[in-house]
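Protein chains: 2
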Amino acid sequence: MEKLVTIDIIGTGNVGTHLYRAFEGKADVNNVPSRTLDSLRTDSDIYLISVSDDAIRKVSGKVSDYLTHVCKSILDWKNDNAIIAHTSGTTPLSVISDLYPATGVFYPLQTFSKGVELNYSEIPLFIEGASADVAHRLTEVAKLITEKVYDADSEKRKTLHIASVFACNFANHLWALSEEFLAGSGLSFDMLRPLIMETCRKAGRISPYDGQTGPAVRHDMKTIQSHETALAANSDPELLEIYKLLTDSIIKRHSAK
Amino acid sequence: MEKLVTIDIIGTGNVGTHLYRAFEGKADVNNVPSRTLDSLRTDSDIYLISVSDDAIRKVSGKVSDYLTHVCKSILDWKNDNAIIAHTSGTTPLSVISDLYPATGVFYPLQTFSKGVELNYSEIPLFIEGASADVAHRLTEVAKLITEKVYDADSEKRKTLHIASVFACNFANHLWALSEEFLAGSGLSFDMLRPLIMETCRKAGRISPYDGQTGPAVRHDMKTIQSHETALAANSDPELLEIYKLLTDSIIKRHSAK
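As given, the protein sequences belong to chains A and B, one line each in that order.
Reminder that position 73 of the first sequence reads as 913 in our numbering, one-by-one numbering, no gaps.
Reminder that position 220 of the second sequence reads as 1060 in our numbering, one-by-one numbering, no gaps.
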């Protein structure tokens, strides 16, 4: 039987908990609380630092110190091959690369909530390594849980993060605005949910550019004008501003067809 | 055996085709091309006008003329109880209410694509009638295909339509913008799809206000500043404008917590 790769996940928040679950049965995995580092193993192949962005450098430093100083002096530590990698999309590798010889990034692009089951094999994982060897080994480990493994340096992760702010955080905020707008007329967001779900399913199949619907893509200026008049009467001028900006943006992209 | 309600659906586009399918087996339903009105029945209980907004008045007028003049003179027509209703969210009832005694609106809030199967029982249907009797009878017919039947006058339908522009058309456009933004860095929209799908699933369960994530709701000004700097370097100034407007909108709504 092939020896399982040994992984210590430091951090017991959403990402740490889900990564632990994703690796269960596929690696010899151990979840370690970041405050105390209780139960940290000295002989792991990979140490994944799943803590808040602000704490990544500090916790990585503690793990590195533990491995390279404490272990080295007490146990004559020889695990020179171990990797320390953080799991953050927004933190550059440079934040930890001076702390330890073999560092990397192991970034799952997903929104994790406690108690929500996920199909890990569908989650894309983005890998960066301080060396080609680290990148290669992190890629092999990533392939244990998903087929969607990509190289992404800090610049590409930033681009992905910005795109996900538009695609997820901002889309969700538009849903919140529509919930707010409906509530003002005694209507419920539940009425919109089936339409939203179908819009999402469509974006799962085809390019959202090709799937665009609504008055703007039809250049239906009569409806747009009527909506703008209604929104101008709304107590919050921001809704009209957002309507105009996004309508213009759609018209601009769909006029040269 | 109870007699089935008889429905003629005029218009063979997306909405007409899907309404026909939704009623199959539940009503005596007939789908009629709007150009020729071939196969229009003189004895139906309901005539649903599913044509483009611009054609609603003209087609409704032709159906009304056929029923009240042609049929009356030739067949001594006595179907005084028949209803003519359009299926548009954006068209007021007043566009057809002067043409015929019993008019209404039968508006399914969903995005229909040919060839895409839908669970009709989840689609909300919004009803308006020129009289309480018409509204009541349209409601009974709507309940044949869905439990989600609501009263909505033209003003409420307009509010729903504006909300659905934000929730669906604009959300989809944000996905198109993120696809465009990723393409500029050689990244694929496929990488974002699992995250988008999970964001959608979350909005299907909880209030989008409560489910808001991202740098804006965390008031993470360092990340926001870094994204704005990156977007300022983008060739299209619109992306930065949208980022700023939606970020401000999120911060404003989540600061008073």
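Just so you know, these hints were derived from the structure itself, not from any lab.
There could be a bad hint or two in this list.
Lysine-lysine pairs mimicking PhoX-like chemistry, simulated, CA-CA at most 20 Å apart [to be verified]: (1) B:Lys983 to B:Lys866; (2) A:Lys998 to B:Lys1084; (3) B:Lys1062 to A:Lys898; (4) A:Lys843 to A:Lys998; (5) A:Lys1084 to B:Lys998; (6) B:Lys1062 to B:Lys1084; (7) B:Lys866 to B:Lys988; (8) A:Lys866 to A:Lys988; (9) B:Lys988 to B:Lys998; (10) B:Lys1084 to A:Lys1084; (11) A:Lys1062 to B:Lys996; (12) A:Lys1062 to B:Lys898; (13) A:Lys866 to A:Lys898; (14) B:Lys1062 to B:Lys1092; (15) B:Lys998 to A:Lys1062; (16) B:Lys1062 to A:Lys996; (17) A:Lys998 to A:Lys988; (18) A:Lys998 to B:Lys1062; (19) A:Lys983 to A:Lys866; (20) B:Lys983 to B:Lys843; (21) A:Lys866 to A:Lys843; (22) A:Lys1084 to A:Lys1062.
Some chain B residues judged to face chain A by a derived CB distance under 10 Å, without partners named [unchecked claim]: (23) Leu939; (24) Phe952; (25) Ile963; (26) Gly1051.
For every residue, glycine included, the Cβ atom is placed at its ideal position computed from N, Cα and C.
Results for each hint:
| no. | hint | in the structure |
| --- | --- | --- |
| 1 | B:Lys983 to B:Lys866 | holds (10 Å) |
| 2 | A:Lys998 to B:Lys1084 | holds (17 Å) |
| 3 | B:Lys1062 to A:Lys898 | holds (18 Å) |
| 4 | A:Lys843 to A:Lys998 | violated (35 Å) |
| 5 | A:Lys1084 to B:Lys998 | holds (17 Å) |
| 6 | B:Lys1062 to B:Lys1084 | holds (14 Å) |
| 7 | B:Lys866 to B:Lys988 | holds (16 Å) |
| 8 | A:Lys866 to A:Lys988 | holds (16 Å) |
| 9 | B:Lys988 to B:Lys998 | holds (18 Å) |
| 10 | B:Lys1084 to A:Lys1084 | holds (14 Å) |
| 11 | A:Lys1062 to B:Lys996 | holds (18 Å) |
| 12 | A:Lys1062 to B:Lys898 | holds (18 Å) |
| 13 | A:Lys866 to A:Lys898 | violated (29 Å) |
| 14 | B:Lys1062 to B:Lys1092 | holds (17 Å) |
| 15 | B:Lys998 to A:Lys1062 | holds (13 Å) |
| 16 | B:Lys1062 to A:Lys996 | holds (18 Å) |
| 17 | A:Lys998 to A:Lys988 | holds (18 Å) |
| 18 | A:Lys998 to B:Lys1062 | holds (13 Å) |
| 19 | A:Lys983 to A:Lys866 | holds (10 Å) |
| 20 | B:Lys983 to B:Lys843 | holds (16 Å) |
| 21 | A:Lys866 to A:Lys843 | holds (11 Å) |
| 22 | A:Lys1084 to A:Lys1062 | holds (14 Å) |
| 23 | Leu939 | violated (21 Å) |
| 24 | Phe952 | holds (9 Å) |
| 25 | Ile963 | holds (6 Å) |
| 26 | Gly1051 | holds (6 Å) |
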